[in-house]
Each structure stands twice: as structure tokens, then as C-alpha cells.
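Protein chains in written order, with the numbering used here: chain A, 89 to 411; chain B, 87 to 517; chain C, 892 to 1264.
Just so you know, the hints here were simulated from the structure itself, not pulled from any lab data.
Source: prediction; values computed, not measured.
Think of the CB as a built atom: it goes at the ideal place given N, C-alpha and C, for glycine as much as any other residue.
Possibly wrong hints are sitting among the right ones.
Said to hold, decoys possible - Reference listing, derived: stretches of chain A covered by chain C, where coverage requires no fewer than 3 residues with Cβ under 8 Å from a Cβ of chain C:
| # | segment |
| --- | --- |
| 1 | 106-118 |
| 2 | 221-227 |
| 3 | 230-239 |
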Amino acid sequence: MLESFIKSLAGVPWLELLITGTVKGSMYALIALGYTMVYGILQMINFANGEIFMIGMFATVFGIALLSSLWGSFAAINLILGVVFAVILASAYGYGSERIAYRRLRNAHILAPLTSAIGLSIVLQQFISNVVGNQPFTFPNYYSDPFAWRVVTLVQGNPATGAGDVGISMLQVCILTTACLLMTALFYMIHCTRVGIAMRAVSQDRLMASLVGIPVNHVIAFTFIVGSSLAAVAGTLFSMYTTTLTWSAGTASGLKAFTAAIIGGIGNIPGAVLGGLLIGIIEDFTIAILGAQWRNVILFAILMLTLILRPRGLLGERVADKV
Amino acid sequence: MSTPEATPAPAPASGPAPGRATAAPWWNAFVPFLVGLVAVLVITFPFIWLRFELQPSGEVYARWDVKGGVDFWQNMGPVCLIGLGIGLLAHAYNAWGLQRYTDQVWLPVKPWTQSLYAPLVAYAVIVAYGFSGHMGFALAPSPTTLNLGIQVGIYMILAMGLNIVIGYTGLLVLGYAGFIAIGAYTFAILQKPDFIPGLPWWAGIPIVFIVGGAVGWLIGLPCIRLRGDYLAIVTLGFAEGVRELAINLEVTGQTSGILLRNASKIGLAPDKPTILAWVLLLVIICAAAIYRIYHSPLGRAWIAIREDEVAAGAMGIPVVRMKLLSFALSSAFAGVGGLLIAAYTGFVSPDVANFNNSVTVLAMVILGGLGSLPGVLLGAGILYLLPELLRGYVDFEYRLMIFGALMIIMMIYRPQGLLGTSRHAIELKGG
Amino acid sequence: MPKQLFLILTLLVGLTFAAGCSKSSDPSTIKIGLAGVQTGNDAMLGKSMVEGSAIALDEWNAKGGILGKKLEAISVDDEGNSEKAVNVANDLVAKGVVAVLGHFNSSCTIPTMRIYNESKILQITPGSTNTKITQEGIPTLFRVVGRDAQQAEVNVNYLFDTLGLRKLAVIHNSTSWGEGIAKEVADLWKKKGGEVVEFSGINEADRDFSANIATIKSKGAQALFGGLMYAQSGPLINKMRKDGLEIPFAGGDGSFDPALITAAGDYATNVFLTFGPDMESKPEARPFYEKYRARYGREPGPYAIYGYAAAQVLLTAMEKAASTDAAKVAEVMHKDTFQTAMGEIAFDEKGDLRKTYFVIWTVKDKKFVVLQQ
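Extracted from the complex, chain A is given alone in its bound form (with noise of 0.2 Å):
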């Protein structure tokens, strides 16, 4: 067993998965900063992010839709706008669950806004798929097949064996370099902007923040909005990616861009980056070593893992709270 098991190691196609498992991981970056954030601030975790994402792929189809019945299907302007109707939409989204499922309760037993998040990310789902539809929809392929195109091809294809080639679209591309830039821009922001400070005030002594002047509230509510914000730009990308998109997309993903938060060292910002990328590797490569049925299993016995052997995760700073 043991023998055969190596053999497949052999024919592991190594650089591509690496491609694909970034470009994969990336995307749950951007879904995990928004639990990290959250929970670096308000040490609670925002179930409903990974629905804001799902709330983001639709918003995009729909903002593209109204813009192509204003003025027409023009492909780049409609998919910029269709992105950014996406992140307001999803802004307000998250700022509104914050409003109105998480305030009141901030100071409540922990149980309390974290059965009002599950609550929030099950209504969330249930309204996209009562009102939208449940079935899976296609992302229009008008917007998404000008990206198909190769960028660089790395290993050229052997026809004696039937391997392809492997190469880069231009979709990841895309895809790495909008990761980047955000990430890059959220860490100008959190290090070197007035609210970036407010928001490291806040997540380091709430009540002490307010009394210096800090408006708390306010605080609270942008790291929501930027969170969403982060979430809707994945759900566009990995809409694109896919090319479908579905109301459980939130969970499947949420869920294992929760692990990446959890890995990575939750509250911690880059720590979430790191554990997307490594969560995206992993599933990409079990897939190709394991087979594809045993995904979930590994991520969920990695996480128990990171549990027992370093519960504050890779790059966490702070021990997670023991009994």
C-alpha cells in the first residue's frame, strides 16, 4: 500500500497544483482577513462573512446585468462597476448584520452574538436561495472567457505520454494580483492610516480606545465594511474562477477560509494570508494525492491538529484563552 502510495507521489503534477492551490488560497485570504479582522476587534466570530461572500458573487452578476440593460454590454466597464456595485452591496450587508445582529449583544455571554451569527449566515443563505433561485447559476461567460487566454506556458505539454501543458491564464493572473494589491493596501492602511491605528487601539483595549476618544462604534462598523468589502472581491473572483455560482458557496468556502484564519493564528493578519495559501496548497494536493473525497477530512483533521499542538495558530501572538 505503502508502495502504491508513493508511486502516485511520483506522478504528482507538483507545479501546477502549486498554481492552481495559490490562486485557490488566495481567495480564501481575502475571506479569512474579514473573520480575522473581526475577530482581532471584537474577539467574535463573524459566521455570516462566508455568506457575504456568497451575497458578493451574486451582487456582481446582478450589478453587471442592470449596467448591461442601462447602456449595453460593454465588458470591462460593466465587470469594474459590476465589482464595485458588489462591494457596496456587500458593505452594507455586513454593516447591516453588524447593526443589527451583533451591537446589541457586544457584551453579552459568548454565546449569545455567536448563535445570532449562525442565525444571520442561515437567513442570509435561505434569502439567496428562496429569491434568487436554488439552483446553480453560470457566471455569463461574456465577462469571464476574455480571461481564458495562457499568460506564460511553463512546461510544455508530452504528447508520448498525454500530458498537457501547464501554463498561467490570465484569470490567475487577475486573480493573484487583486489579492496583492488588497492585501498590500489593507496593510498601508491597518499600519499607517489615522483608522488603521483607531482599529489597532480598539482591537487592543475597547473601553480604553473609547476614553481616549476613539469613536468605537464607528471603529467597529468600517472593519466590518472592510471585511464584506474584501469577501465581495473573492466571491467576484472565484465566481469568474468557477465560473458558477451558488447559494451554499458561502459555507463551503467560509468554512475552510475559517480554518486558514484559524491555522494562520486568528485575530492575526498576516497569519490569515498564510493560512489561505496553505490551505488552498493542501486541498490541491490532496485532491491529486488522496483523491478528491478525502478534501474535507484532511482540512478538518489539520485544524484539529493546529488545535491541540498550537491552539494560538502559526503566527499568533496571543495564546488563545485556556481554561
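Starting from the known structure of chain A, arrange chains B and C on it as the hints suggest.
For chains B and C alone, coordinates are given in the frame of chain A:
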């Protein structure tokens, strides 16, 4: 950030005189609510009233979806009305002294219900009613009614089990369905020729109780020391893991699940009234057992942990062990519920571990009352029966959405649930 | 604890009673259960199947019903979920249906067929192709579609013999249907002397196939067989072509839906699906298609005609047997040949179609066309 000048002192000329009641318009209190409502209507507008149409060319256009929008609000109408009615009733009960009138009915009955025999009497009445069809009673329950009764009974056991860990110990478990699946699959696998084919359901109960408890203990071991939210996620992942394992393993019948052979022999009973009698008997036994545990030192320790973990630890309560115990017990009861589901339907499939199942049971516990035994029984009953009652008026698909909304609303306005204690409310709302 | 318990139990009994009573049944009609998935990923396939059956029942009612009674259709949604299917099956039994047309998914038919059998209810499934179903030996169970084994054979023959390919990758969606047909294909392929280079199951919720495609690509597969529903095979084809994997994609009847072409878009090339023959070109099927379009205002899904034909067979057999008793009707069904919109239908002793033939369909100009061989 804000300078002292930024907060202007109230101008005495225009502002109300100090010490006198401000004559704010009566609708002032509703303004934030209305603003919120309008905002929600605005941000949900595109999804409700528009739809997108994909063209064969890959382009996409937006269309008005008046039918869909009207449909949605037609479904939401009865729900909102019921919610409004319940809210008004609750308000009336507290504010307008309605309690006086209900007390007139309630107080004479109260000593009766507090008797230890009350559940037994109720049980006898229900079972007799269930069997009345055999005696040609005209108003005898239909098979559908009996089916509902049995399902409610099973869900009551599940809700009571989940209540141990959420209501008593204050730990959130999101993957309860995973433990239900463990129970169901354990029973189904035991039926295989290699094990104990023909094992009757009652003999399976101790086994699944122990297996369920052991699995709960193992899962809880690494994460129970951490904050509550980790447990929630780990159990959520666990349920997903169980589902995938069931799909992948040979012994669980993979995707097609396990069809129990000789269902009439190992199943609960051949006819529905007898099944109802057995299930309700189990409900009473479980309720009695949990009631006794809750009022033993063990239960007190759980409450202490829920109220203040650090203080409980300082008082010498072995916090981790107690939490683990409550977690394991809860999963043991889930196992029993799973066995009943398997024995009743005669079939186990990976769908048992679906997230929807976890959510349904969780909503039952939260609606009925965290930590209140009659509360969760009521919650299980209401949440199982209400969708059935509303079937003709509200699309069945909106059920989960309503459960979710219920969770938020309950947490904000009545965290102790319908029948919870006020102590729990204060605890949950926090200082 | 006993406090309030009494009150609660009383209340619940009342509620249960009310819930049970709200759908009291009318004894003067013959009830037929129409069961199929009507929500979720496979919604369109199951829904049109149920609607097809409903049209047939209405036609009979317009003619004055059957055996002097009106027909009543009780349509239920099993959500494509096996546990839910068991529930709705129990529900149908409780409502006193005499026959069930359904379910659609094999994973729903397998657990429910025993329930119907125990309650002496006749069952005709218009959509479940899993080979296991008719191997149980239930005398009152029939199906009007072919079996996966036949489907797999047609697929394998085409890929292996006609196209001359030798290395096959197989991917399935981990449901009874998907895994069943994938295994049949893989076994047949090996028996023929071909090589199965990859066999893996994915989740029904998965939408990102890049790693699967990379693996298939590296193993040098010459064709990919997908035991997938259209919701997944469409995006998979799209992604395959974008990632530079141009090998033929073969699939079963579950992929056969116009939504596949929408999802795959311009990339729907080299796609070969097995499905029944082109029904719409048959003269006897034409009235049905016209009626369906007029009534529902949209294109019928591929299984609509199967639902319609199943109902036709059932009602004709009932009339002939002059009874609604499952055993008597089944006897007629085993013996007779029926004229339906799908053509002549006769059943063998297992309840399978005596004569079935799958043909290979391909996509041309964004439409399914029968491949001329």
C-alpha cells in the same frame, strides 16, 4: 479625535428646560427602527425584485421580477403577522397585566402539573389516544398525525440532549447532526452479518449511548480547553467529516447508505401507535434522567461553569472534566436519537449528518429556552409542527430562513427562550 | 420539571392533531403520488418529470377519470435528499396513494422502494437508472428508463471502439447514481482492456475543479467520463477547456440538460452524452411537447416525456386490470405492451424495459444533437 469644541453645550434658550419632561414626538422611538427597515428593504431590493437573464451569447441582462417579489412577500406576510402577534402577546402579557387572567386559569391547575405523576398521566392520555384508532374511535389520529407525533418525540430527545451542552454548560455545538449520524450508523452497522444481525432497537440503545458518548469525549478532548467558539467550529467540521467518511467508507454503504433488513423485527414496532408509545416513553425516561442530573452536583457544576468559568475553577470545580462530561453526555443522547431515526425509517444515509439537521435542533433549543427542560420540549414541538401547519400558507422552503431569523430575534429580545428563567436572561445579556 | 410539562404536552397533542387533520383525505378519488426532486441542483430535471406526469393525469381526468373515479395527483418534493425522500414516502403512504410515479434520483428511489413495497403501492420510476434498483426483486416496481449498465456500455463502446481511446479518467459526484454509473464504466473499460488512470469522487457542492483537472492532465488520460449532474459537468467542461485539457468528455443522462450548454458556453466541444433517442422527432410524442409548452410556458426538460409515459402506462394498466390493486396492475404491466408517447413499452420480469436503447448525443451550435454513427 474629537475636540472639546466638537460637542456643543445645549443652548438653554432653545432646548427644553432642565428638570421637565421633554416633549419628544411619540414616533421618535420608532425612527431608528424605520430607518433600519427602509435600509433593509433597499439592500434586498435587487435580489427580490430583479432577476438576471443569461443570454446564449454569454451576456446577461436584468429583468423585473414582479412575480418573484410578490411571491416572496406573500410568503413573508403570514410569517411577519405571526411574529407580530407573538410579540404583541408577549408585550401584553408583561405590560398590560394579562398575567392576572392567565393566572386565574393556571394557578388551580398548577399543583396538578407539579405532581410527579403529571407526565405519566399525560403519557397515558396520549398513548390511549394513539391507540384509540384500534378501538374504532371516530376522532382517532390519522397515520400522518401519528407520524408527526413520533418525529416530534425523537426531536424532543435530540433537543434535550443538545440542551445539556448549550443550555446547562454554555458551550455552542454546531455539528450536532454529526453525533446523530454516529448513533444511526452505529446501530445500522451492528445489524450487519458480521456483528449482531437482528439486534433489537432497545438493546442497541446502551451501545449507541456509550459509543456516542465516547466519540463526543474524543472530539471534545482537544478543543474543550479553548474558547467556546472553537468548539462550535470544530463540531461543525466534525459533522462534515462524518458525512464525508460515511460517503467514502465501505462499511457505511457509501453514498447509498444502509437499508436495515428485517425492519419489522428490529424496528421500533410494527404499528404506529405502539411506536408512539415507545418513543414517548423514551422521552419521559430521558427527561427524568436529565432532570435528575441537572439537579445533582454535576448539574450545579455545569451552571457554575456557564456563569463564570474562572470563578468555578477557583471554587475547585474540575472545569475541563465537567465540560467534557456534559459534551459527551449530550452526544450520547444524540446517539440515542440517531438510533431512533434509523430504527423508525429503516434507512440511514449520509444526509443524516447534514448541517440543516444541526440547525433545526439548535433552533429548537434556542426557541424553547436555553437550559429549560419544558422549554426545549416545547421548542421541539413548535418548530417541528409549525412548518407543517403553515404548509399551505407559507412555502416550506422558507422554513430554515425563519429558523435563522428566529435565532437572531431570540438572542436580542429574549435570550432565555420562551420558557427560560430570568437568571439565564441576565447572564446572556451580560453586564 | 413536571411543572408546565402537562400544559406543554396538551398543547403539542393539540398541535399534532391540527397538523395531521389539516390534510384530511377525500376517499372518492384515486390518489397518485408524484415524487421527484423539485428544489436544489437537479430541480429542473425532476420538476419537468413531475409536470409531465401531471399532464397525463389531467388528460385522464378530462376524459372522466378512471374506474369511475377522478384522479388526484399528490405532488411531493424529496429535495433530492434520501432522508427527506423516506419522509415524503411515508407521507404518501399515509395519504393513501395507490401508486407512485417517482422518484427521480436513484439515491431517493433506493430507500423508498421498500416502503412502497411494504405498503403494496405500485411504483414506476421515470428517472432512476441505477442498476441496483431492479435487482431487489420487487414485483411492483418498474422503470421506464434504461439501466446504468446499458448506458455505460454505450458510452464505453463509443469511446473505446469508435474513437479508439485507451486511457480513461473517471470522476463522479459521490451519489448512488453518479458512483454507480462511474463504477460500471470503469469496470467495462478494464474488461475491454483499457486503462483507468484516475477514479475519484467529488462532493456535490464542489465547484472548483482545477486540481482534478491538473491530475487528469498529468496522468495522460485520453477521455474523461463524468458521473455528474449537469450542474457540475457544465462548469467542469468549461474549466477543462480553459485549462487546456481538450480530451473528449463523456457523461450519462444526468448531464443531459440545456443548462450544461449554458454553463459550458463556447467551450462545450467534444462532449458526448448518453440519453434516450430523440423523442421530439417522434410523431407520437409531438402532442405532448406542444401541450407542455402551452401549459408551462417553457421548454420541457429531458425527463418530462418519461414522466408522461410512466403515467400513461400506469393508467392504461389500471384500466385494463379494472383495479388499483398493485399486484393486479403489476401483473398486467408485466404481460402487456403499451402504446405511449415514447413508443411501445414492455417490461421484463424484473420491471426493466424490455427494449431500451441509449444513443450518443453531442453538442453542436449550442444544441444537443444525436450523433450520427
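Check your understanding: Going through the earlier hints one by one, which of them does the structure break, listed in rising order?
Key -> Nothing - there is no hint that the structure violates, so all of them hold.
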